[in-house]
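A.B. asks: Residue-level listing of the chains:
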Amino acid sequence: MIKVLFFAKLRETLGTSDLEIDYAGTVADLKAQLSMRNDCWAEQFAQENLLCAINQQVAADESPVSEGDEVAFFPPVTGG
Amino acid sequence: MIKVLFFAKLRETLGTSDLEIDYAGTVADLKAQLSMRNDCWAEQFAQENLLCAINQQVAADESPVSEGDEVAFFPPVTGG
Amino acid sequence: MIKVLVQVEDFDAGAEVAQLRSTASGAIVQFVGVMRDNNQGDTVASMHLEHYPGMTESSIERILVEASERWSLLGCTVIHRVGTVLPGEQIVLVAVSAAHRHAAFQACEFVMDYLKTQAPFWKKEQLHNGESRWVDARESDDRAAARW
Amino acid sequence: MIKVLVQVEDFDAGAEVAQLRSTASGAIVQFVGVMRDNNQGDTVASMHLEHYPGMTESSIERILVEASERWSLLGCTVIHRVGTVLPGEQIVLVAVSAAHRHAAFQACEFVMDYLKTQAPFWKKEQLHNGESRWVDARESDDRAAARW
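Protein chains in written order, with the working numbering: chain A, 1261 to 1340; chain B, 1261 to 1340; chain C, 16 to 163; chain D, 16 to 163.
None of these hints come from the bench; they were simulated from the model.
The hints are all genuine.
Under the rule of at most 30 Å between Cα atoms (straight-line distance), these lysine-lysine pairs were calculated in the DSS-like manner:
id : chain 1 : residue 1 : chain 2 : residue 2
1  : A       : Lys1263   : A       : Lys1291
2  : B       : Lys1263   : B       : Lys1291
3  : A       : Lys1291   : C       : Lys139
4  : B       : Lys1263   : D       : Lys139
5  : C       : Lys139    : C       : Lys18
6  : A       : Lys1263   : C       : Lys139
7  : B       : Lys1291   : D       : Lys139
Computed, partial: chain C to chain D, Cβ under 7 Å:
id : residue
8  : Ala28
9  : Val32
10 : Gly41
11 : Val47
12 : Val49
13 : Arg51
14 : Gly103
15 : Phe120
Glycine residues also receive a C-beta, built at the ideal position from the N, C-alpha and C atoms.
Please build the complete structure, drawing on both the sequences and the hints.
C.D. replies: Written as structure tokens, this is what we have:
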């Protein structure tokens, strides 16, 4: 199982803050899998500026996701 | 009469914080006149980095000094 | 000496500067970000700040370690609020102490630029007219961070 | 909104930032200069700051007017102490508020660089060994001011 978290506008649009799924593979393939849920998810995960972190470290599309990982997706940050 | 003020190390070395004299002319000539007092004054007013203000505005060697002016001499500043 | 706080409560900017003061410090530069009552021409009633607990703190710590490696710093404090913030209230504080002032100025601005572009915080504005909207990331912030 | 104080008393840096805060300000950058206990390898017991009453205040005001012309500022406060200052105590405060942070950082550093080279203040150090000496102007400060 991996934990997937969603933040900010992405969380609101998906109506989901987190989920647990069985997954192993790259971030890109995880996004492809999540996109298959419905059109809304597909649209969200097609966004070019969507950011990803694995275990709270910034990750890229080709980064590998392994059992037990915490994967987070979120829009560009706007703090400060 | 003009008022002449001395600050910081210059004031300490001359042993004088201010004096009143009859004077009209340039700053350079005022320095020459003050230098004639004794060797100590001559040495102090020969310093290239000595600064001058007339009526609290920065002045140069060629600036004119007139009746009633407040002329100040001081070393480079070290505040902040 | 690095200090990072992410908190709902307001903070005392003066107390943070006092804490960084020491006989060796010489220079303390502090930035305080204050919530403006206007954005993109609209009156903003309040703002909600969301963050990623854990990652937010560790990413700020990483920024501070990087700043400490680039400049000779004696201390660095970051406090960032989350939750609801009202116009005129403080949002963020970055305070840096160093022996010399230029290092303190540079490091403080560097940390702010990176906070704006790297730390996982998101702002949602509640407008005066009842609408609410997520604040978009600004290109000017990316350019500012890219300078370093 | 320009405020200049030359005073013997210490000051409350936090209160000055609070005073500059407004719903329009967005960014407040504050510099606090703290007396170091060491200079040129010697332990300093205390420092005496002399100034030129009248000219000091007007020259600082001129610096702040110039900063306001170069950057879009909402407020600027300078407090500089004179008389005796002890290691670890605050010497000078420069606080600038602006709508945007880069202007506030730039203006604050500009004012500090000019304070160091233009405002008539002179420091005399009392060393731990009983000697005292006037602090020499530093070339690095002239170079810093020349950047602007």
